[in-house]
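Can you join these two chains into the complex? Each is in its own frame, and there are hints to help.
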Amino acid sequence: MEQLLDILRELHPETDFETETRLVDGGILASFDIVMLITRIEEEFDVVIPAKDIVPEHFNSAEALYRLITRIAEQDD
Amino acid sequence: MLFPSWAFLLFLAVLVPVYFLVPKRIQWIVLLIANAVFVCIAGLLGAVFMAVTVATVYGATRFFDASFARQRETLAAMKATHTKEERKRKRLSFERRRRLVLIAALVVNIGILFVLKYGAAIGRITAGIFGTKAFGQDLALTMGISFYTFSTVGYLLDVYRESIPAERNPLKLALFTSFFPLLVQGPITRFETVGKSLTAPHSFDGKRFLSASLRIAWGYWKKLIVADRLLVAVKALCAKPDVYRGDFIFVEMLLYAACLYADFTGGIDITIGVGEMLGVTVEENFFRPYFSKSIAEYWRRWHITLGEWFKRYVYYPLSVSKPMRDLSKATRKLGAGVSRRVPVYLATILVWALTGAWHGSNLTFLVWGILNGVVILLSEELKPLYARFHARFPKLTESTFYRGFTVIRTVLLLSSLRILDCYGTVREAFSSFFSMFTTWNWGAVFRGGVQSLGLTYTDYAIAAFGVLAMFTLSMVQRKGAIRPRILKRGTVFSVCVLLVLIGTILLFGRYGFGFDASQFIYNRF
Chain E
1 MEQLLDILRE LHPETDFETE TRLVDGGILA SFDIVMLITR IEEEFDVVIP AKDIVPEHFN
61 SAEALYRLIT RIAEQDD
Chain F
78 MLFPSWAFLL FLAVLVPVYF LVPKRIQWIV LLIANAVFVC IAGLLGAVFM AVTVATVYGA
138 TRFFDASFAR QRETLAAMKA THTKEERKRK RLSFERRRRL VLIAALVVNI GILFVLKYGA
198 AIGRITAGIF GTKAFGQDLA LTMGISFYTF STVGYLLDVY RESIPAERNP LKLALFTSFF
258 PLLVQGPITR FETVGKSLTA PHSFDGKRFL SASLRIAWGY WKKLIVADRL LVAVKALCAK
318 PDVYRGDFIF VEMLLYAACL YADFTGGIDI TIGVGEMLGV TVEENFFRPY FSKSIAEYWR
378 RWHITLGEWF KRYVYYPLSV SKPMRDLSKA TRKLGAGVSR RVPVYLATIL VWALTGAWHG
438 SNLTFLVWGI LNGVVILLSE ELKPLYARFH ARFPKLTEST FYRGFTVIRT VLLLSSLRIL
498 DCYGTVREAF SSFFSMFTTW NWGAVFRGGV QSLGLTYTDY AIAAFGVLAM FTLSMVQRKG
558 AIRPRILKRG TVFSVCVLLV LIGTILLFGR YGFGFDASQF IYNRF
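For the record, the sequence lines run as chains E and F. My numbering applies: residue 1 is where the first sequence begins, and numbers increase by one. My numbering applies: residue 78 is where the second sequence begins, and numbers increase by one.
Pulled out of the complex, with its shape left as it was, chain F reads as follows (with noise of 0.2 Å):
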């Protein structure tokens, strides 16, 4: 069920009316109910995935929580009686236990999403090896699996390191994997916050209702007027790489800053707003990304969740490993500053390697995520450059205008990076990109050239203002949130802006008879 359907928003009205007519104490159960008809109507394999999650992850941790109590009942008897030396062998053998769980856990459940993510790719390779038939073609993501995966095993993690204690009840775990709205692109979740939050009871509020439909609508208007629309054109120029060539790629980069923008965050909204509307807390995804000054930032401030994730269960954790530890004493001789930076350095590019590969099986993701890491770090090291400019310009390097530039670059970096997003094989990623310097055609781009992209002048126009008024939004935004602002001035002037914002979706929005919604660009991830 796409978010920009009529089904989804039926959905929606039949839910959120019964959610709030039912006893507080079930709640929660209609809305597990509701999940369960939203993952059967994507796929009858996906709730079977989702049940072996739900079951492996459950099992897992209510093991953990038990070799905890176990552990703590055995070792305070033997505090008495055993040597130091005994205890720390028993623990280690508790230890040993839960690791042995929590590793076949894992691979179950990373296990199928490894299939589902590589298996075609994989199974082309094989083909092309030893010349059989490609096997796995037919593999495909089921709804969601790379976000509630992600969000599941975070929470078995977090038992596993004892931060949190295991959920008994398993329905409330269900609950929490498949939680609706953030099977369609995330974010990825926290069980004790989103989970908490989600079997906590809640009553109907007005003003809530109000504020969230505003938060829905604003995502519907991302999506349906600007991401939509220009998705069309960015199609066009990915598609053919021999024609779109030189300064059509920097169209390109530009087009697809805007729609990936649009298409994301419109989606989190309709995401955050949604569970709004049920009482539901959702993290936050974003934080007016292209206002970044680097790329570091910038991932700092957008998919915020996703590199949470990935810095909490696999940059920390791999950093301070024996074996990265014994490493970087290794190398030691080599002199203090490269043994302290061999943990960053290869605990970075494996995860941004890894941030690449969750992305998908093509290279170009991996080569993608690398570079990404590879900027990072060179921005990391050349800090000190940064700081004696700064010192010797400071009036400059204070100025909006240097910060300006700042965040230009930071957006032309990113933009760059992103033209790996577009084509299917490196190559031509790599060489589409560097047309741009060896190419000169804004003649051809202006006569005719945008035209060809399947968008008329009046799309190019009705894009355009849907990006000044998301880059003006994000302006305001800097001094405090909008939705509290407009509720602010009461109910009436409220819902007249909601009726603005549905107005011109239906006015200039790609929808209907003719028009196909497409799905979030990071459903396919």
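Same shape as in the complex, but just chain E (with noise of 0.2 Å):
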């Protein structure tokens, strides 16, 4: 999670990440801060986020984005 959060907080170091919970909702992440963000999980993460999981919902939070990670994780598992 930490590391996410370093991510995150790469892309806008004014935005609590911790606390937010509507990032994309709110405007904070726009499509292009997205597929930085997509492009940064990979390399740190090894893990491909498909299209079909690029929805608000599951990037509204670092926690729920989190979450995303750690499923498609596994299942590639």
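Among the hints, erroneous ones may be present.
In silico DSSO-like links for lysine-lysine, alpha-carbon gap of 30 Å or less [as the list claims (entries may be wrong)]:
#1 Lys406(F) - Lys52(E)
#2 Lys399(F) - Lys161(F)
#3 Lys52(E) - Lys156(F)
#4 Lys52(E) - Lys399(F)
#5 Lys406(F) - Lys460(F)
#6 Lys165(F) - Lys52(E)
#7 Lys52(E) - Lys249(F)
#8 Lys161(F) - Lys52(E)
#9 Lys399(F) - Lys472(F)
#10 Lys52(E) - Lys472(F)
#11 Lys52(E) - Lys460(F)
#12 Lys388(F) - Lys52(E)
#13 Lys167(F) - Lys52(E)
Taking beta-carbon pairs under 10 Å as the criterion, some of the chain F residues facing chain E (in silico) [claimed, not checked]:
#14 Arg147
#15 Asp235
#16 Ser240
#17 Glu374
#18 Val421
Restraint ranges, calculated between C-beta atoms of paired labels, are given here [claimed, not checked]:
#19 Glu44(E) - Leu459(F): 19 to 29 Å
#20 Val185(F) - Glu44(E): 37 to 47 Å
#21 Ala113(F) - Asp6(E): 49 to 59 Å
Simulated from the structure, these hints should not be mistaken for laboratory data. Where a beta carbon is used, it is the ideal one built from N, C-alpha and C, also for glycine.
Next up, the structure:
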């Protein structure tokens, strides 16, 4: 989780990702950020997020995103 | 059938009572018949294309559903007897078959749209190269095809991704594809919201009827009082690029910005209002777009459903596709910053080129799309610079003055890009745009210039009043939706507001003998 928070902070240092739950709905993460984020997640976690999972509910909070990464990693195994 | 026509109002006047008088379980069938009438009046060829879309998308989505079910059963049965590798191979073979069916369905549906949109242009280009007679010059878009194709293809892709199950009743899919208010100029809708809402039973609700009538009337108000009036001047300015240059282009930019806003949002107000009248919820397509502080924000607030469609079905899948990821990895030696930007840059430019191409076959649209993408990427790259500026001058950048400045800057920027929409060639558009900086002719603009555009000073005054009304309502809307506030003050007050709207349309709208209410600008896309 800490690793993911670091990636998120790289993109938006001004945001408190531990508490924010409206990252997409609140306009903090735009489509540009989301693609950058997915590229970084692949680099760090070796997890590829498929297009069908790129929906606001998975990106609205760091916690939801972490759950998604964990789920995909488990499926890959 | 045009929204601003007596025929359309008569169509509604017959449909609405019938819809609420029949038993609820057949309401959706009444709506389907109404859609069929609407589509057939617009042209039988259009009805045939629509039927092909419904049939192919229905067949493909039912195939996907059956394939997912068979895949689950087969893999479950193989679990005890086969290796992980064998199960993976089996899964891939199911996926391959689904992909082939998807490609076939996409080729048919996007193919029809492609031929109708670009057939005539391709005919002219090949005729120019080979010196033959141009083919396909009578090809034209049928009613709503750009919009319903995108909506149904979105549904096709959602079922393919297993995000939603396939609809089992083909007539319900036909109802979603053909819902008549959406055929004029969208918005592009999603099956799991609008599709479901269309088939649900709806009771008549007087308050909702009044609320919907207010929205429809406001849509007509914008269209007939502002848009159709200003369109006369915009068309006159665009028709003579040799005459109207210099400061006339600035006037053109502003008039077109107001005209397009009134036209497109007015039409969508009518569409959503008609849906609401029938109890059907249609997605919003605008969120006070001219209050945006950047082009990227503007595109999240203008024609929202088209942007969402491209994001969901093109931008994200392309950005995370294997070739794009491989390309990103291959460029790692150029630095992390470069390799991470590769997917974003390529996907952004491609999506914007496609967005431009969606608007039409003219090269001007393609250039317009790509330029939008370039501006968005540039402002993304400049963000650190803006952040430093904001940190250096916090008081200034938080002031109302600065916010106003960013809003005006955005409107001017997007209006500059829209110049490409006004002319036949990119050269004409650029030449006209840059003449603003070389030719100073405000004198000519105000000494008879603006009067030569087909509008009188009274027309300009009425349009200016209309723009002021739209602006004021947008400002009021910032504090919450307006219609609930009107309705809260009672039925008599609400009916009075409705009558004032209708009265001013009858007095100042451009309609009736001697005037041709225009088709909506976005209907041609």
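Inset, instruction - Quickly compare the C-alpha distance for Lys388(F) and Lys52(E) to 30 Å and report which way the hint goes. - result: 12 Å, holds
Legend entry - Hint check, Arg147(F) versus chain E [nearest Cβ-Cβ separation less than 10 Å]: 20 Å, violated
Legend entry - Interface hint outcome for Val421(F) [beta carbon to chain E under 10 Å]: 5 Å, holds
Inset, instruction - Could you check the hint for me, namely that Ala113(F) and Asp6(E) are 49 to 59 Å apart, CB to CB? - result: Between Ala113(F) and Asp6(E), where Cβ atoms are some 57 Å apart, the hint holds.
Legend entry - Lys406(F) paired with Lys52(E) [C-alpha distance capped at 30 Å]: 22 Å, holds
Legend entry - Pair hint Lys406(F) and Lys460(F), alpha-carbon separation not exceeding 30 Å: 25 Å, holds
Legend entry - 30 Å Cα cutoff - pair Lys52(E), Lys472(F): Violated, at about 43 Å.
Inset, instruction - With a cut-off of 30 Å on the C-alpha distance, tell me whether Lys399(F) and Lys161(F) pass. - result: Distance of about 23 Å is within 30 Å: holds.
Legend entry - Pairwise hint evaluation, Lys472(F) against Lys399(F), where the allowed Cα distance is 30 Å at most: 46 Å, violated
Inset, instruction - Have a go at the Ser240(F) hint: is there a Cβ in chain E nearer than 10 Å to its own Cβ? - result: 6 Å, holds
Inset, instruction - Compare the distance between the alpha carbons of Lys161(F) and Lys52(E) with 30 Å, and conclude whether the hinted pair is satisfied. - result: Roughly 24 Å between the alpha carbons, so the hint for Lys161(F) and Lys52(E) holds.
Inset, instruction - Hold the hint about Asp235(F) up to the distance rule: shortest CB distance to chain E must be less than 10 Å. - result: Hint holds; Asp235(F) Cβ to chain E Cβ min 9 Å, cut 10 Å.
Checked against the numbered hints above, the structure breaks hints 9, 10, 14 and satisfies the rest.
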